[in-house]
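Chains A and B supply the protein sequences, listed in that same order.
So the first sequence is numbered by full-length UniProt numbering: it starts at 1 and just counts up by one.
So the second sequence is numbered by full-length UniProt numbering: it starts at 1 and just counts up by one.
These are calculated hints, taken from the structure and not from any lab test.
Built from N, CA and C at the ideal position, the CB exists for glycine as well.
Some hints could be false.
Stated by the list, open to error - Under the rule of at most 16 Å between Cα atoms (straight-line distance), these lysine to aspartate or glutamate pairs were calculated in the EDC-like manner:
{"#": "1", "chain 1": "B", "residue 1": "K84", "chain 2": "B", "residue 2": "D13"}
{"#": "2", "chain 1": "A", "residue 1": "K42", "chain 2": "B", "residue 2": "E29"}
{"#": "3", "chain 1": "B", "residue 1": "K95", "chain 2": "A", "residue 2": "D107"}
{"#": "4", "chain 1": "A", "residue 1": "K172", "chain 2": "A", "residue 2": "E193"}
Said to hold, decoys possible - Cβ-Cβ distance ranges computed for the label pairs, FRET-style:
{"#": "5", "chain 1": "A", "residue 1": "H54", "chain 2": "B", "residue 2": "E128", "range": "28 to 38 Å"}
{"#": "6", "chain 1": "A", "residue 1": "E128", "chain 2": "B", "residue 2": "D123", "range": "31 to 41 Å"}
{"#": "7", "chain 1": "B", "residue 1": "L231", "chain 2": "A", "residue 2": "P325", "range": "50 to 60 Å"}
{"#": "8", "chain 1": "A", "residue 1": "K350", "chain 2": "B", "residue 2": "Y133", "range": "52 to 62 Å"}
{"#": "9", "chain 1": "A", "residue 1": "K330", "chain 2": "B", "residue 2": "Q71", "range": "35 to 45 Å"}
{"#": "10", "chain 1": "A", "residue 1": "D174", "chain 2": "B", "residue 2": "D123", "range": "38 to 48 Å"}
{"#": "11", "chain 1": "A", "residue 1": "N77", "chain 2": "B", "residue 2": "K330", "range": "31 to 41 Å"}
{"#": "12", "chain 1": "A", "residue 1": "V326", "chain 2": "B", "residue 2": "D214", "range": "40 to 50 Å"}
{"#": "13", "chain 1": "B", "residue 1": "T92", "chain 2": "A", "residue 2": "G177", "range": "32 to 42 Å"}
{"#": "14", "chain 1": "A", "residue 1": "D214", "chain 2": "B", "residue 2": "I210", "range": "51 to 61 Å"}
{"#": "15", "chain 1": "A", "residue 1": "D13", "chain 2": "B", "residue 2": "E29", "range": "41 to 51 Å"}
{"#": "16", "chain 1": "A", "residue 1": "N77", "chain 2": "B", "residue 2": "T81", "range": "35 to 45 Å"}
Stated by the list, open to error - Here are some, though not all, of the chain A residues that point toward chain B, as calculated from beta-carbon distances under 7 Å:
{"#": "17", "residue": "E119"}
{"#": "18", "residue": "H140"}
{"#": "19", "residue": "Q143"}
{"#": "20", "residue": "L341"}
There are 2 protein chains.
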Amino acid sequence: LAVLFDSASTVPDLLSIFHEQEMTETVHETNGHGYLATFVGKNGRFVILRVHSHGLVTIDLQCYEEDNISQLDNLLNALETKLKALLNGNITRIKRLPALIRGAKVDRYWPTADGRLIEYDIDGVVYEEDSAYQNIKILHSQQFGNILVLNGDVNLAESDLAYTQAIMGSGKEDYAGKEVLILGGGDGGILAEVVKQKPKMITMVEISFIKVIDGCKMHMRKTCGDILDNLKGDCYQILVEDCVPVLKKYVKEGRMFDYIINDLTAVPISTEPEEDSTWEFLRLILDLSIKVLHPSGKYFTQGNSVNLSEALTLYEEQLGKLSCPVDFSKEVVCVPSYLELWVFYTIWKK
Amino acid sequence: LAVLFDSASTVPDLLSIFHEQEMTETVHETNGHGYLATFVGKNGRFVILRVHSHGLVTIDLQCYEEDNISQLDNLLNALETKLKALLNGNITRIKRLPALIRGAKVDRYWPTADGRLIEYDIDGVVYEEDSAYQNIKILHSQQFGNILVLNGDVNLAESDLAYTQAIMGSGKEDYAGKEVLILGGGDGGILAEVVKQKPKMITMVEISFIKVIDGCKMHMRKTCGDILDNLKGDCYQILVEDCVPVLKKYVKEGRMFDYIINDLTAVPISTEPEEDSTWEFLRLILDLSIKVLHPSGKYFTQGNSVNLSEALTLYEEQLGKLSCPVDFSKEVVCVPSYLELWVFYTIWKK
Numbered sequence: 001l002a003v004l005f006d007s008a009s010t011v012p013d014l015l016s017i018f019h020e021q022e023m024t025e026t027v028h029e030t031n032g033h034g035y036l037a038t039f040v041g042k043n044g045r046f047v048i049l050r051v052h053s054h055g056l057v058t059i060d061l062q063c064y065e066e067d068n069i070s071q072l073d074n075l076l077n078a079l080e081t082k083l084k085a086l087l088n089g090n091i092t093r094i095k096r097l098p099a100l101i102r103g104a105k106v107d108r109y110w111p112t113a114d115g116r117l118i119e120y121d122i123d124g125v126v127y128e129e130d131s132a133y134q135n136i137k138i139l140h141s142q143q144f145g146n147i148l149v150l151n152g153d154v155n156l157a158e159s160d161l162a163y164t165q166a167i168m169g170s171g172k173e174d175y176a177g178k179e180v181l182i183l184g185g186g187d188g189g190i191l192a193e194v195v196k197q198k199p200k201m202i203t204m205v206e207i208s209f210i211k212v213i214d215g216c217k218m219h220m221r222k223t224c225g226d227i228l229d230n231l232k233g234d235c236y237q238i239l240v241e242d243c244v245p246v247l248k249k250y251v252k253e254g255r256m257f258d259y260i261i262n263d264l265t266a267v268p269i270s271t272e273p274e275e276d277s278t279w280e281f282l283r284l285i286l287d288l289s290i291k292v293l294h295p296s297g298k299y300f301t302q303g304n305s306v307n308l309s310e311a312l313t314l315y316e317e318q319l320g321k322l323s324c325p326v327d328f329s330k331e332v333v334c335v336p337s338y339l340e341l342w343v344f345y346t347i348w349k350k
Numbered sequence: 001l002a003v004l005f006d007s008a009s010t011v012p013d014l015l016s017i018f019h020e021q022e023m024t025e026t027v028h029e030t031n032g033h034g035y036l037a038t039f040v041g042k043n044g045r046f047v048i049l050r051v052h053s054h055g056l057v058t059i060d061l062q063c064y065e066e067d068n069i070s071q072l073d074n075l076l077n078a079l080e081t082k083l084k085a086l087l088n089g090n091i092t093r094i095k096r097l098p099a100l101i102r103g104a105k106v107d108r109y110w111p112t113a114d115g116r117l118i119e120y121d122i123d124g125v126v127y128e129e130d131s132a133y134q135n136i137k138i139l140h141s142q143q144f145g146n147i148l149v150l151n152g153d154v155n156l157a158e159s160d161l162a163y164t165q166a167i168m169g170s171g172k173e174d175y176a177g178k179e180v181l182i183l184g185g186g187d188g189g190i191l192a193e194v195v196k197q198k199p200k201m202i203t204m205v206e207i208s209f210i211k212v213i214d215g216c217k218m219h220m221r222k223t224c225g226d227i228l229d230n231l232k233g234d235c236y237q238i239l240v241e242d243c244v245p246v247l248k249k250y251v252k253e254g255r256m257f258d259y260i261i262n263d264l265t266a267v268p269i270s271t272e273p274e275e276d277s278t279w280e281f282l283r284l285i286l287d288l289s290i291k292v293l294h295p296s297g298k299y300f301t302q303g304n305s306v307n308l309s310e311a312l313t314l315y316e317e318q319l320g321k322l323s324c325p326v327d328f329s330k331e332v333v334c335v336p337s338y339l340e341l342w343v344f345y346t347i348w349k350k
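Make the full structure from the sequences, and use the hints.
This is the structure we're talking about:
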């Protein structure tokens, strides 16, 4: 509960509400930073009341899950009513936020790439494993279905066909009879969609495949269908390998692909590339990829949150440093489970 | 900061970190609900340390906006490092949440319809007015553009063409030469899109138009274009009236519409319709609307968050109680600024 108001000296009247609840009060010395009192009540209840010097009252109420929630709602209602009465006409804004739940079996808070606090409607952990490369979780969301979370980043949910469509060129491409290379893409979503268009051959290179495949082929079937049940099919093969040596081999062999889809881990958010080798690594993969891209071919990749303009600019700067000159376009796409708009790139040889 | 771990008795070592910061400690008696201490530091800093009896440590750090954030990050880092060292191997989970900002000029927290805590990337208030019916705000979001917020509900952002398309039948309808009735829709989005398809006539009935139009025609131009600049055009008219008497008049006159789009306020979330006249009101509008719907016509409306299944079921029950029998279908749509999936209905005469 946070109230913004114009005049203070309302403290004694508020205190009576806590006293009625038989809470034990402690007043803290703040050295000129307003009034600060804490109250311990029954069932482990704890209240922090601050009347800040610039006309803000904040009330934090902590309680346990098994506490009587309607009693606590009544307490907050009483505080709100009292404050409204005391400050009649002087309240600029009053706001009560949903409770933050900590230490629950299921963690519902997965901040966006641009660092905002977001509560998901997650009600269960479906799968959790650690590979040599990452922590792999599949969480169940009421609205998005199962969500693949890699190292704490929301990667893809069963609701996110929009992601797969965007990274395949937003329906404007024809994959029939084409040579396709997928880097990463362990959830199988891209593979499953490209296969439907009857390409000549898809080669997918995914390093951390085994633990991801186990989870996705069991729990992300709306995304991958049955494509991950076999590492090889009529027009696809999955190489469980580091893509860098594979790309180097293809360069040496003079292999060419009509489409390359890079679905490796996201652009690093670091804005100091000189201190971070991730950009070097990204550029290496880009450079090798462009070398095996057909002159009229297209390279697709995801970028980052549309709000992370510095990281996007840095990525675009890398595109100017490749051994083979390229042009690019970008598109902003709404991927349902991301809860933030996402940038996708199309890159081609000049 | 919340840590879940298996063994306790780590308190003294944690305390040393606060003592190094010259914070004043108060230990509170909790009557068997774990260890609870608070610390007041310089600049109005305040820390709540709780070691809960079921193996959870929570640390809340409160500070002012103008405080030295990197110093505070270092404090949290030190606490995290110490906890990891003390509980080596026994930590099930460790999580640090983005700061909750209270009392700021711009409120960034607009919970979803299903009650989840969501932080928007809002950086400014563009417009704020109170009409006789509602509080009207237009807020600026970095990624979604301007957002119309009515009575605290996110209504529509400039990014949300998906909403307008969904409530027009998801591109499967042809409005050319048709008679169209829009109920509500004060932001002008639907009107602007339907006009493009050259219907015979659009009648839009919006009660709280004046304050909404002022805001939207200035600040939501990506949504409404110039359509709100005039209350009348070649193939549309806007009636600034309560839709109920207008519908009653149309029923009496025997008017018929090919398409009716209900964009009035959302389905009430109350699950006790017998105690709430909102459902009665909703049904009245539905009943009148169906009476002026051409036998082969379609009625479109938004429903609710896909997670609010009780409210959706109640709405569907109302559809079974109309004086003219109807069938319906529904679609789940991702409206970018909603940050939750939304249900849209298509209703037609049996």
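Against the structure, the hints:
1. Our distance criterion of 16 Å between C-alpha atoms is met by B:K84 and B:D13, whose separation comes to about 12 Å.
2. Distance check on the hinted pair: A:K42 and B:E29 sit about 11 Å apart at the alpha-carbon level, within 16 Å; holds.
3. With a C-alpha separation of about 9 Å, the suggested pairing of B:K95 with A:D107 holds against the 16 Å cut-off.
4. Restraint check for A:K172 and A:E193: the C-alpha separation of about 14 Å stays at or below 16 Å, so the hint holds.
5. Taking the beta carbon of each, A:H54 and B:E128 are about 21 Å apart, not inside 28 to 38 Å as hinted.
6. For A:E128 and B:D123, the Cβ-Cβ distance of about 36 Å falls inside the hinted range of 31 to 41 Å, so the restraint holds.
7. The hint said 50 to 60 Å for the Cβ distance between B:L231 and A:P325, and at roughly 54 Å that hint holds.
8. Between A:K350 and B:Y133 the beta carbon distance is about 57 Å. The supplied range of 52 to 62 Å therefore holds.
9. At about 38 Å, the CB distance of A:K330 to B:Q71 agrees with the hint of 35 to 45 Å.
10. Between A:D174 and B:D123 the beta carbons are some 42 Å apart, a value that agrees with the proposed interval 38 to 48 Å.
11. Take A:N77 and B:K330: their Cβ atoms lie about 35 Å apart, and the range 31 to 41 Å holds.
12. Take A:V326 and B:D214: their Cβ atoms lie about 47 Å apart, and the range 40 to 50 Å holds.
13. The hinted range of 32 to 42 Å is not satisfied by B:T92 and A:G177, whose Cβ atoms lie roughly 51 Å apart.
14. Checked against the given bound of 51 to 61 Å, the beta carbons of A:D214 and B:I210, roughly 60 Å apart, stay inside it.
15. Checked against the given bound of 41 to 51 Å, the beta carbons of A:D13 and B:E29, roughly 26 Å apart, lie outside it.
16. The hinted range of 35 to 45 Å is satisfied by A:N77 and B:T81, whose Cβ atoms lie roughly 41 Å apart.
17. A least Cβ separation of about 4 Å between A:E119 and chain B falls short of the 7 Å threshold, and the interface hint therefore holds.
18. Evaluation of the A:H140 hint against chain B yields a violated restraint, the C-beta minimum of about 13 Å exceeding 7 Å.
19. At its closest, the beta carbon of A:Q143 sits 5 Å from a beta carbon of chain B; the interface hint therefore holds under the 7 Å criterion.
20. With a cut of 7 Å, the hint placing A:L341 at the interface with chain B holds, because the nearest CB-to-CB distance is about 5 Å.
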